[in-house]
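Trainee: Construct all of the structure, not just a fragment, from the sequences and the given hints.
The listed protein sequences derive, respectively, from chains S and Z.
Numbering of the first sequence is given in this note's numbering, commencing with residue 10 and proceeding in unit increments.
Numbering of the second sequence is given in this note's numbering, commencing with residue 4 and proceeding in unit increments.
In short, the hints are calculated from the structure, not lab data.
By construction, the Cβ of each residue, glycine as well, lies at the ideal position given by its N, Cα and C atoms.
Check each hint, because a few of them may be wrong.
What the hints assert, rightly or not - In silico lysine-lysine, DSSO-like type, Cα no more than 30 Å apart, as pairs: (1) Z:K117 x Z:K103; (2) Z:K130 x Z:K103; (3) S:K93 x Z:K103; (4) Z:K130 x Z:K117; (5) Z:K103 x S:K97.
What the hints assert, rightly or not - Here are the simulated distance ranges between beta carbons: (6) Z:G89 x S:Y265: 48 to 58 Å; (7) S:L101 x Z:N42: 33 to 43 Å; (8) S:L288 x Z:G142: 28 to 38 Å.
Stated by the list, open to error - One side of the interface only, derived from the structure: several residues of chain Z facing chain S at Cβ under 8 Å: (9) T54; (10) T75; (11) E76; (12) V79; (13) H85; (14) E95; (15) L96; (16) E100; (17) K103; (18) L104; (19) G105; (20) L108.
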Amino acid sequence: MQEFLQLVLSGIATGGIYASLALALVLIYNAMGLVNFAQGEMAMLATFVGYALITRGMSFWIAFPVTLVLAFGGGIVIQRVVIKPVEKAPVLTLVIITLGLATLVNGLAGFIWGYLPRTFPSPFSSDSVDLGGVFVSYRDVGVIAVTGVVLLCVYLLLQHTTVGLTLRAAAHHPEASRLLGVHVSWMLALGWGLASAVGAVSGMMVAPVLFLEPNMMQTIIIYAFAAAVLGGIESPLGAVVGGLIVGVTINLAGAYLPGVGGDLQLAVGLAIIIVVLILKPNGLFGQAAVRRV
Amino acid sequence: MTALLELEEVHAGYGPTSVLHGVSLSVPEGGVVSLLGANGAGKTTTLRAITGGVRWTGDIRFAGRSLRRMPTEEIVRRGIAHVPEGRGICTELTVDENLKLGSHLRRDGPEVRKDYDRVFEYFPVLKERRRLSASTLSGGEQQMLAVARALLMRPRLMLLDEPSLGLAPMVVRSIFEIIRTINQTSNVAVLLVEQNARIALEMSSSAYVLEVGRVAVHGAGSELQDNESVRRSYLGY
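Mentor: Below, the structure written as structure tokens:
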């Protein structure tokens, strides 16, 4: 039982990381009906930027918000420079562009920092605390706290501010929003900035666990896809719940299902995507797509 | 009366299909003007040209300034509220959030609150359903929400595209009553596109009848109402 609880808790911690990246995917999906395949690579690049700041002597807790701000700005620049000129192109064109962007960002990081894995300092102590027989590592608690706070901030921004309201309106009803004076194009840029910053959180949190290298996010993005699909690709809340479910499921499957630990873990993520798409294509929190003719 | 909105020889269309072939009309400050005509005559396209939803040539002036090349967001911010075909309600949002989108650009807090009170006085049902998703409203209630939201923008001109479409006659009556009240108490000019010519002419100071992208008849509201040949050939009643 104790082992089970420990696995669940560390599953929630990794789930929070998947949830952040899944939320980034959902934010962009809502804004343009498109899965941004470069999301993971953008998070990886932001993490390298954070790494550069930390190795130059900045403390983690200053480098973290600075990185998020830089990632936010970077997301806006990418939207303005790469996405905006092709905004009205067919979805398939946009998908290819985000795939190209992923390759480009990956190559850029490799060119600057090389492909040798580096250790990324964890801001949390590696000790554990004994909670009635369940050993909880400070790392897990720290990751849960940080991702929890970030997700809460995004929720408050989207649901309880005017900017959040216009962001949601612009995403779902661009034409009607324009008629209400909303600068829809800038709202899309803001959505990219926000997604980029939220994605950077997942990179900064996962880097101390994995090693930092240009391909670091390539497995994480699969789990984030699984989380987003499970929650319903249009639902921010779904992304978070989906992330936690995927994190816990993978942790438990790795421990209790023979042969699933290690290499086969990724297969569990892909299996989740397939099963959800077959059984409940709109996910847990998604609404069935209804079109009035 | 000075013209608040003026269209001069406006040509517009979608891609290679041109819909408007030189439409000229004007809406005076505080006036109510109807735009009538059969389906496909170009009524909706005229409204869309005004708020920059379709490419046009010729000239459109609002409050003395040309709207040429101005993006929709800027045109709207100058004081034109456009209630589009299909009402443009954000169904993912609540009633309250839809209303907030109407007032989100305003910085005159106390006046905004007064306008909310006024809107809820006109449409009490919206106050009851504030917290509900706009998708749960009936067609008539959604039309009320669209008009209420436009009113909260505190526009100088409202463009209304078929406010009666798909609504029960009783509901149509009450919505037109309120539009008339809004026009009279707040001095908001109205350019009204309607299929229901009879009810539109009753409240209009002047009217234009479009026929395949051109103004076929223009006159005072009462004049058109009394002219039997115009009624028969263009308005169908």
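Trainee: Hint by hint, say whether it matches the structure.
Mentor: Evaluated hints:
1. Z:K117 x Z:K103: 14 Å, holds
2. Z:K130 x Z:K103: Judged against 30 Å, a Cα distance of about 13 Å means the pair holds.
3. S:K93 x Z:K103: 28 Å, holds
4. Z:K130 x Z:K117: This hinted pair holds, its Cα atoms lying about 14 Å apart.
5. Z:K103 x S:K97: 28 Å, holds
6. Z:G89 x S:Y265: 48 to 58 Å: The hint (48 to 58 Å, Cβ to Cβ) holds, given that Z:G89 and S:Y265 are roughly 53 Å apart.
7. S:L101 x Z:N42: 33 to 43 Å: 35 Å, holds
8. S:L288 x Z:G142: 28 to 38 Å: 35 Å, holds
9. T54: Interface hint status for Z:T54: holds (6 Å vs cutoff 8 Å).
10. T75: Hint holds; Z:T75 Cβ to chain S Cβ min 4 Å, cut 8 Å.
11. E76: 5 Å, holds
12. V79: Status holds, d = 5 Å.
13. H85: 5 Å, holds
14. E95: Holds - the Cβ of Z:E95 comes within 8 Å of chain S, reaching about 5 Å at its closest.
15. L96: 7 Å, holds
16. E100: Hint holds; Z:E100 Cβ to chain S Cβ min 6 Å, cut 8 Å.
17. K103: Interface hint status for Z:K103: holds (6 Å vs cutoff 8 Å).
18. L104: 5 Å, holds
19. G105: 6 Å, holds
20. L108: 5 Å, holds
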